[in-house]
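Enquirer: Read top to bottom, the protein sequences are chains A and B.
Anchor point for the first sequence: position 78 equals 77 in numbering that gives the first Met the number 0, and the numbering is continuous, going up by one each time.
Anchor point for the second sequence: position 205 equals 204 in numbering that gives the first Met the number 0, and the numbering is continuous, going up by one each time.
Warning: the hint list may mix true and false statements.
To be verified - Facing chain B, according to a computed beta carbon distance under 10 Å, are these residues of chain A, among others:
id : residue
1  : Thr15
2  : Met21
3  : Ala22
4  : Leu45
5  : Tyr51
6  : Tyr55
7  : Ser105
Stated by the list, open to error - Cross-link-like lysine-lysine pairs, in silico, BS3-like; alpha carbons within 30 Å at most:
id : chain 1 : residue 1 : chain 2 : residue 2
8  : B       : Lys45     : A       : Lys112
9  : B       : Lys183    : A       : Lys24
10 : B       : Lys162    : B       : Lys30
11 : B       : Lys162    : B       : Lys183
12 : B       : Lys30     : A       : Lys110
13 : B       : Lys30     : A       : Lys112
14 : B       : Lys66     : B       : Lys162
15 : B       : Lys255    : B       : Lys206
16 : B       : Lys183    : A       : Lys110
17 : A       : Lys30     : B       : Lys66
Hint data in this document are derived by calculation from the structure and do not stem from the laboratory.
By construction, the Cβ of each residue, glycine as well, lies at the ideal position given by its N, Cα and C atoms.
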Amino acid sequence: MNSDPIDPHSDIEGTTIFDGRMAMKGYALNKMCYSFNKAENRAAYLADPEAYMQEYGLNEAQKQACRDRDVLAMIAEGGNIYYLAKFAGIYKLNMQDIGAQQTGMSVEEFKEKLVRQGD
Amino acid sequence: MATIIGGLTTSHIPAVGNAIAQGLQNEPYWKPFFDGYKPVRAWLEKHKPDVAINIYNDHGLGFFLDKMPTFAIGAAHEYVNEDEGWGIPVLPPFPGDAPMSWHIIERMVEQEFDITSCQELAVDHGFTVPMQLFWPGLTEHPDFPRAIPISANTVQHPIPTLKRALDFGRALGRAIRSWPEDIKVVVLGTGGLSHQLDGERAGFINKEFDRMCMEKIVDDPEALTAISRMELVRQAGSQGTEFLMWMMMRGALGDKVNALHQNYVIPISNTGAGTMILECVD
Numbered sequence: 000m001n002s003d004p005i006d007p008h009s010d011i012e013g014t015t016i017f018d019g020r021m022a023m024k025g026y027a028l029n030k031m032c033y034s035f036n037k038a039e040n041r042a043a044y045l046a047d048p049e050a051y052m053q054e055y056g057l058n059e060a061q062k063q064a065c066r067d068r069d070v071l072a073m074i075a076e077g078g079n080i081y082y083l084a085k086f087a088g089i090y091k092l093n094m095q096d097i098g099a100q101q102t103g104m105s106v107e108e109f110k111e112k113l114v115r116q117g118d
Numbered sequence: 000m001a002t003i004i005g006g007l008t009t010s011h012i013p014a015v016g017n018a019i020a021q022g023l024q025n026e027p028y029w030k031p032f033f034d035g036y037k038p039v040r041a042w043l044e045k046h047k048p049d050v051a052i053n054i055y056n057d058h059g060l061g062f063f064l065d066k067m068p069t070f071a072i073g074a075a076h077e078y079v080n081e082d083e084g085w086g087i088p089v090l091p092p093f094p095g096d097a098p099m100s101w102h103i104i105e106r107m108v109e110q111e112f113d114i115t116s117c118q119e120l121a122v123d124h125g126f127t128v129p130m131q132l133f134w135p136g137l138t139e140h141p142d143f144p145r146a147i148p149i150s151a152n153t154v155q156h157p158i159p160t161l162k163r164a165l166d167f168g169r170a171l172g173r174a175i176r177s178w179p180e181d182i183k184v185v186v187l188g189t190g191g192l193s194h195q196l197d198g199e200r201a202g203f204i205n206k207e208f209d210r211m212c213m214e215k216i217v218d219d220p221e222a223l224t225a226i227s228r229m230e231l232v233r234q235a236g237s238q239g240t241e242f243l244m245w246m247m248m249r250g251a252l253g254d255k256v257n258a259l260h261q262n263y264v265i266p267i268s269n270t271g272a273g274t275m276i277l278e279c280v281d
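Using the sequences and the accompanying hints, generate a full structural model.
Expert: Structure follows, in structure tokens:
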């Protein structure tokens with residue numbers, strides 16, 4: 000076998016490897032976000048976020064990250080981007096909005112960064 | 000016996016489905032991307048495949064982390080699309096080919112690929128966007144093929160290695176060619192190319208790496224198996240691991256293919272988008 004270490008604290012800058020450890024840590028958060036596939040669940044969350052988060056058993060750090068809509072904090076608490084994208088959808092945030100937030104750029108700056116990589 | 004006519008690659012970005020829903024194909028941002036599909040549609044018009052094997056990765060519609068198959072094969076008579084949380088219009092069901100699915104499942108397990116069979120599977124943008132790009136109008140399209148979805152896990156590590164993906168494709172090719180009906184089959188490798196949605200490195204795209212992958216996958220896919228999974232994350236971004244679908248597709252095509260067409264656009268949403276026709280050589 001070749002060595003192919005899986006380490007969530009990988010040396011790839013700005014990257015969290017979502018492996019078993021993160022999957023365990025973020026299970027409740029990801030399960031809640033997965034539920035947002037259904038419109039009635041999105042509506043229930045918006046009607047009472049605290050009750051909804053409690054129902055899914057989020058811990059306090061996960062709840063605070065959701066309250067703050069802080070994607071980096073959600074990832075640190077075990078959130079997986081594919082499920083977090085459904086959370087973002089509740090607030091009509093697209094992948095450029097999310098990218099801008101995580102990189103500390105304006106959305107326009109983030110879009111320019113994307114375009115520049117084609118040069 | 001079934002014949003594999005070739006493989007098609009495409010990105011499967013949700014924003015593309017949204018652009019189609021809103022009719023933005025000729026907008027300046029979208030035109031270079033959508034124009035890259037005209038030669039693909041002409042090729043499909045010429046060959047009219049009966050079945051499309053659609054290799055994609057589910058993004059949290061058909062599967063959740065409670066049960067996450069590494070390789071799953073659809074075995075349904077039809078596949079429904081559902082709301083993924085963003086309000087994109089839900090598409091009509093996609094006709095399947097359950098008897099052929101079960102043949103493939105039998106032959107894959109016989110070749111020691113222990114897959115998960117799915118008699119119900121909701122298909123997300125990873126599956127639907129390529130179908131929309133290749134056959135506009137979907138079930139209204141006169142040549143719309145039956146589809147068999149194959150999903151590989153790229154949601155959580157451990158994901159398959161590039162070698163395993165290529166080997167899976169080779170076994171899949173044998174499974175398809177041993178189906179007794181005289182039908183034509185096209186294999187879709189969807190997703191990628193480089194992109195990263197999460198973390199401080201969000202927005203990462205690697206044109207040079209994408210170009211190398213598009214070149215090597217034609218004549219030397221074996222060389223790509225030397226790339227470790229962590230190296231793939233580093234070079235292609237966290238979600239660029241979707242390149243595994245391309246490797247699976249390529250394996251099914253046999254040793255020699257002709258690259259009839261390719262298009263590469265940066266950025267589509269956050270992604271380097273690659274489109275190719277790889278025609279099988281008899």
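Enquirer: Hint by hint, say whether it matches the structure.
Expert: Do the hints match the structure? See the list:
The interface hint given for threonine 15 (chain A) is met, as the beta carbon of that residue sits about 6 Å from the closest beta carbon of chain B, less than 10 Å. Residue-level restraint check for methionine 21 (chain A) holds (minimum Cβ-Cβ distance to chain B is 8 Å; threshold 10 Å). Taking 10 Å as the C-beta contact cut-off toward chain B, the hint placing alanine 22 (chain A) at the interface holds, the least distance being around 5 Å. At its closest, the beta carbon of leucine 45 (chain A) sits 13 Å from a beta carbon of chain B; the interface hint therefore is violated under the 10 Å criterion.
This hint is violated: tyrosine 51 (chain A) has a C-beta 14 Å from the nearest C-beta of chain B, more than the 10 Å allowed. Against a cut-off of 10 Å between C-beta atoms, the interface hint on tyrosine 55 (chain A) is violated, since the closest Cβ of chain B lies about 13 Å away. Because the closest C-beta pair between serine 105 (chain A) and chain B is about 13 Å apart, greater than 10 Å, the hint is violated. Proximity of lysine 45 (chain B) to lysine 112 (chain A) is assessed by CA-CA distance (about 40 Å); at most 30 Å being required, the pair is judged violated.
Under the criterion of a C-alpha separation no larger than 30 Å, the hint pairing lysine 183 (chain B) with lysine 24 (chain A) is inconsistent with the structure, at around 46 Å. For the hint pairing lysine 162 (chain B) with lysine 30 (chain B), the CA-to-CA distance comes to about 35 Å; that exceeds 30 Å, so the pair is violated. The hinted pair formed by lysine 162 (chain B) and lysine 183 (chain B) meets the criterion: a straight-line CA distance of about 27 Å does not exceed 30 Å. Note on lysine 30 (chain B) and lysine 110 (chain A): the hinted pairing holds, with a Cα-Cα distance of about 18 Å set against a maximum of 30 Å.
A C-alpha spacing of about 20 Å is found between lysine 30 (chain B) and lysine 112 (chain A), which places the hinted pair at or below 30 Å, so the restraint holds. The suggested pairing of lysine 66 (chain B) with lysine 162 (chain B) holds, with an alpha-carbon distance near 24 Å, which does not exceed 30 Å. Distance check on the hinted pair: lysine 255 (chain B) and lysine 206 (chain B) sit about 25 Å apart at the alpha-carbon level, within 30 Å; holds. With a CA separation close to 41 Å, the supplied pair lysine 183 (chain B) and lysine 110 (chain A) exceeds the 30 Å bound.
For the hint linking lysine 30 (chain A) to lysine 66 (chain B), the alpha-carbon distance of about 12 Å falls within 30 Å, and the restraint holds.
The structure fails to meet hints 4, 5, 6, 7, 8, 9, 10, 16 from the earlier list, while all remaining hints are met.
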